[in-house]
Amino acid sequence: MISRLFNPRWLHPEGYHGGDKRSPYFEGWYFKIVDRTAHHRYAIIPGISLSTAGGGPHSFVQVLDGVSGQAIYQRYGVDDFAADEVGVNVRVGPNVFTWDRMHIELDSSDLRLHGDVRFLGARPWPVTPTSPGIMDWYTWVPRMECYHGVLSLDHGLSGTLTAGDTSIDFAEGRGYVEKDWGQSFPSGWIWMQTNHFAIAGISLTASIAMIPWIGRAFPGFIVGLLLDDTLYRFATYTGATTTHLSLTEEVVTWRMQDALYILDIVAHRADAGKLRGPSRHDMGRPVPETLGARVDVTLRTRFGDTIIYSGTGACAGMEIGGDIAPLLRS
Amino acid sequence: MRRTEQGHGVHADIWQEQARLARRLLRWGALNVATGIALALHPAGWWRGFGAQAAGWGVINAGIGLFGLRGARSKADQPQNHTRSKQREALRSLRKILLINSALDVGYIAGGLAVARTKGRESDIWRGSGWSIVVQGGFLLLFDLIHALLLT
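Going line by line, the protein sequences match chains A and B.
For the record, in the first sequence the residue sitting at position 37 is 37 according to the working numbering, with numbers rising by one throughout.
For the record, in the second sequence the residue sitting at position 123 is 123 according to the working numbering, with numbers rising by one throughout.
There may be inaccurate statements among the hints.
To be verified - When the alpha-carbon atoms are kept at most 25 Å apart in a straight line, the in silico SDA-like pairs for lysine to any residue are as follows:
{"hint": "1", "chain 1": "B", "residue 1": "Lys75", "chain 2": "A", "residue 2": "Gly239"}
{"hint": "2", "chain 1": "B", "residue 1": "Lys75", "chain 2": "B", "residue 2": "Trp47"}
{"hint": "3", "chain 1": "B", "residue 1": "Lys75", "chain 2": "A", "residue 2": "Gln257"}
What the hints assert, rightly or not - Pairwise CB distance ranges (calculated):
{"hint": "4", "chain 1": "A", "residue 1": "Gly215", "chain 2": "B", "residue 2": "His42", "range": "43 to 53 Å"}
{"hint": "5", "chain 1": "A", "residue 1": "Glu172", "chain 2": "B", "residue 2": "Leu142", "range": "44 to 54 Å"}
{"hint": "6", "chain 1": "B", "residue 1": "Ile100", "chain 2": "A", "residue 2": "Thr52", "range": "49 to 59 Å"}
Stated by the list, open to error - Examples of chain B residues lying across from chain A (beta carbon under 10 Å, computed):
{"hint": "7", "residue": "Ala76"}
{"hint": "8", "residue": "Arg84"}
{"hint": "9", "residue": "Ala110"}
{"hint": "10", "residue": "Thr118"}
{"hint": "11", "residue": "Ile146"}
{"hint": "12", "residue": "Ala148"}
What the hints contain is simulated information worked out from the structure, not anything from laboratory work.
Note that the structure is a prediction, hence the values are computed from the model and not measured.
Ideal Cβ placement from N, Cα and C applies to all residues, glycine included.
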């Protein structure tokens, strides 16, 4: 842990952390882009898997078409992958991803996607030496199963992608960027994200997962609600608690509170496509994800019952993966 | 383009930050009250002085923590305190208070050393008291300075 204090990588969740890692290891950057009409929604995920099983180490670009639910997994060699340890500068084959743009050249039998999209005014989760990102001090803990970073809670878009014969203009669209790295996705998790509220600039990212910890596991959660550039954080490490979490075929209902606030989330589920996620063996784990969920959010004060914000986010990304029963029991 | 050039300044909700600081101070205060009372029963004069001083500071720090927590709740309850300008204003104000406190903390440390080296020459109790003040001042200096520097 001491060596991490002097390792600048840990102050840069956006950079590549796998330079000295061996199997099992994965790292992936998640770029969500939605055009102005919300008729075109994509999650584009460049990454690398160093796992020796499942066809061996390779890099990849995954794409989820959030409207059709179609997902593609384009495989590349490890040598086709390059990424900086500081800043976002990821290259997978001819595809390039940086802080301010992505260049896509994908020619899969299922999907042809080409073009450039620019990112305007990224709003990263704050990073300080004692709290290097969304995982706060847990970032410093070695050998966590999965690390998480939020690189932009919300930003504007410009540029054009061509999907097949269709040209998609992303001007005035909205984007979001996060990433994961480590050995495997958790055994069970619920994740949701939306930055399509009535007012631009509002963003919600929320996840709860089983966290292996000293031979046991606990349900850890991290939630950030961005309002007017102010980030309201609810997390296990802030002392916040989940007071209700339930799941039906239609909705996920989640209530959490801290010393000041109560945050209510009602997420309306939608049809999901199948992405591939990392297990300890390979990238073969099915990850059902939608970009069409809807999330009702209400932030109120705990003692005065003053409503700070209430609204609905559309085009929400949502995953419910693995064994979630322990999360619901907690 | 670097993130800082490109990005907007996202900052943590100042009232959550204030509440977190207040709770930490409250916990430190409670810990000092408990250990201070236990040490005040020690047969050795040095520890009695150290413990009594710690318990006294613990009561004050816990009180400040409670006051801070109530203040954060009260401020958070007013919708106008959630605008960007109000948040920034409150952040600057909290940082200023922490920096002023840091200067006072240096004074506590110096005062504690002075007590230990003057009155403490003749009394174990005063020597323990003096060193207890040094410990309290040292903790508060770290607490105030670190939070002032790292508030986002």
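Hint check:
no. : hint                             : in the structure
1   : B/Lys75 to A/Gly239              : holds (20 Å)
2   : B/Lys75 to B/Trp47               : violated (41 Å)
3   : B/Lys75 to A/Gln257              : holds (17 Å)
4   : A/Gly215 to B/His42: 43 to 53 Å  : violated (38 Å)
5   : A/Glu172 to B/Leu142: 44 to 54 Å : holds (48 Å)
6   : B/Ile100 to A/Thr52: 49 to 59 Å  : holds (58 Å)
7   : Ala76                            : holds (5 Å)
8   : Arg84                            : holds (5 Å)
9   : Ala110                           : violated (27 Å)
10  : Thr118                           : violated (38 Å)
11  : Ile146                           : holds (7 Å)
12  : Ala148                           : violated (12 Å)
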